[in-house]
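A.B. asks: The primary structure of each chain is shown beneath.
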Amino acid sequence: MSRHFFIESTIRAFARALSRALASEQLVTHRGVLQAFDPRVRVAGVFSLVVASTVSRRLWVIAFLLVAAVLLALSSGIRLQTLITRVWLIVLGFTGVIALPAILITPGITVVSFGGLAVTEQGLRAAALLILRVETAVTLTTTLVLCTRWTHILKSLRTVRVPTEVVTMLAMTHRYIFLFIETANQMFESRQSRMIGALSGSEQRRVASRTAGVLLSKSIDLSEEVYLAMQSRGFRGDMQLITEFRMQALDYAGLAGFLALACAAAWMGR
Amino acid sequence: MHIPDGYLSPSTCAACYALAAGGWYAALKRIRRVLFTRAIPLISVFAAFCFVLMMFNLPLPGGTTGHAVGVTAATIVLGPWGAILATSIALALQALFFGDGGITTLGANCFNMAIVGAFVAYAAYRLLSTASELNSRRRVIAAAIAGYLSINASAFIAAVEFGIQPMLFHDASGTPLYAPYPLHIAIPAMMIGHLTLAGFAEAFIAGGMVSYLQKVNPGLLQGLAGLQQEKIESRVPANAGIRNLWLAVALLMMITPLGILAVGTAWGEWSPVDFSSLQARAQIASASHGQAPPDAVPSGLQKLSSFWTAPFPAYAPAFVRSPHLGYLLSAMFGVGLFGALSFIASVIAKKRNRRELDL
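Protein chains in written order, with this note's numbering: chain A, 8 to 277; chain B, 160 to 518.
Keep in mind that the hints were calculated from the coordinates and are not lab data.
It cannot be assumed that every hint is accurate.
[What the hints assert, rightly or not] Below, in silico cross-link-like pairs of lysine-lysine (DSS-like), each with a Cα-Cα straight-line distance of 30 Å or less:
#1 A:K225 with B:K510
#2 A:K225 with B:K374
#3 B:K374 with A:K162
#4 A:K162 with A:K225
[As the list claims (entries may be wrong)] Label-pair restraints from in silico Cβ distances:
#5 A:L257 with B:G352: 47 to 53 Å
#6 A:R253 with B:L484: 42 to 48 Å
#7 A:V118 with B:P347: 25 to 31 Å
#8 B:G352 with A:W67: 41 to 47 Å
#9 A:Q88 with B:T355: 49 to 55 Å
#10 B:Q438 with A:T171: 33 to 39 Å
#11 A:T171 with B:A348: 39 to 45 Å
#12 A:I203 with B:R192: 50 to 56 Å
We treat Cβ as the ideally placed atom computed from N, Cα and C, and that holds for glycine.
Pulled out of the complex, with its shape left as it was, chain A reads as follows:
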């Protein structure tokens, strides 16, 4: 492992976050199936399908929901390669590692045994249920996030009575995340450009905590500036969100379709 690993890997993480945001910006304008619906329908539809996959106890029902999620993603302009690299492999790498020992340690009917270890039917089912559920949920949420403007997702939250303050805070946080990613990135890059030797572990930790400290001070200063800017525009604590959403016949049909699919899956999988 390189001794500059920490700075490089953090810069890479920042770059990944920015590229994801960019990819999302490109897909929201695509004329796909999900994009055709009102953002509130998209949020409610995807959420109901995620809940249905969590409620369902039958493998075939969850597998069916995964197929539906993949079809929805593909018809909304998301490439299969994006799904494989950004969702399935990552989920398989994480959840697969967690689920694997369950195959061997879950008590039940032995399917095959080797070297004193027994693979049980119950273990295989438990692992399959976990992996399929997570794959389905992450495919659905990734499809939603890639195909919907962030501001629209937030405004949709008002439909389920999330307080305006919380929605405003989420929107502001989202905006400042990119500013801070850029700031932190510049700090790490400038540090890296001035380094001619390797840093020891403790020095790297010091760099990380100092960078975090600088970022914290900048955060407080920025919040003060934002507050003054808000005040200068007449902010007195009351907020109103401009909602330009209007439900059409297609949206009602879409909502009914999503809810019917989710209810049917929950019923069949009970």
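Once you've looked at the hints, dock chain B against the given chain A.
C.D. replies: Leaving out everything else, chain B in the frame of chain A:
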């Protein structure tokens, strides 16, 4: 520690959302009272800071890396209520934006990391740094210990949430329907990683940041965590605590039917009938590490079990058919009984005080 969708059952997710919602409501209310219009930009910007901080790949002893949550730093600067909101918003954005943590499990993630994490960090930091100078080394150590404890407390709660899944939610064949590992596997598996690695990431960031702020911006450490809390306490109306307590009791009463989800029999809470039922005997044996129960009912148990007959046996009054309603009625009866006893005790105490004053 970010629990993805699918690891927790819908009822666990709902219970965690209810717990987290209580924390969010209280935090929002208190922060509004202290910071007024300043709350929104401060919490938003701080949430963005926490989000970016979670992306730092921190080098740890042993050549590996870990991520800090940032809840300790947020607690030290904003106080626990502000930290709850800032960390929860950062977690919500992580779940929605990066798929790090699920949507159905967002309540659990916020409860574990934002609420439990903030309160453990706050308690540890206050306890260890009381009466110390702002620039003292003790504060740096207190912050590091608070960070370490906070992450480990959050991990422990997450492990318990994982561990109860196979116990409560499995099908007829015994297949776990959600996270498949029981408590005795989930807790060590989760805690080993956090006690040896992840806890140190939060400790280094929290301690390092306090050390840095002591040098460049000690104002940020000046009683923000402690003083804010005192300000809040002084503004809370006298009866607000009682009202909140009643609200919490009402909420707990409403979720008592969750007890129905528990399967099997609680260890040591067996009745004489259980010894003659094949199913109950199997459950006793499985709960006792394979130790079979005696063939006959122990004589002492047989004799004492008829000594007292409860009015609501097994939380189900005889006249109620629905077990949900039975649980709810039992909860209401229990709370009512304690309420009546407390009322009688307070009347007696008041009378005694009055008599002492008259003397």
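A.B. asks: Each hint: holds or not?
C.D. replies: Hint-by-hint comparison with the structure:
| no. | hint | result |
| --- | --- | --- |
| 1 | A:K225 with B:K510 | violated (59 Å) |
| 2 | A:K225 with B:K374 | holds (15 Å) |
| 3 | B:K374 with A:K162 | violated (42 Å) |
| 4 | A:K162 with A:K225 | holds (28 Å) |
| 5 | A:L257 with B:G352: 47 to 53 Å | holds (48 Å) |
| 6 | A:R253 with B:L484: 42 to 48 Å | holds (43 Å) |
| 7 | A:V118 with B:P347: 25 to 31 Å | holds (27 Å) |
| 8 | B:G352 with A:W67: 41 to 47 Å | violated (34 Å) |
| 9 | A:Q88 with B:T355: 49 to 55 Å | violated (37 Å) |
| 10 | B:Q438 with A:T171: 33 to 39 Å | violated (53 Å) |
| 11 | A:T171 with B:A348: 39 to 45 Å | holds (41 Å) |
| 12 | A:I203 with B:R192: 50 to 56 Å | holds (52 Å) |
Violated hints for the displayed structure, listed by number in ascending order: 1, 3, 8, 9, 10.
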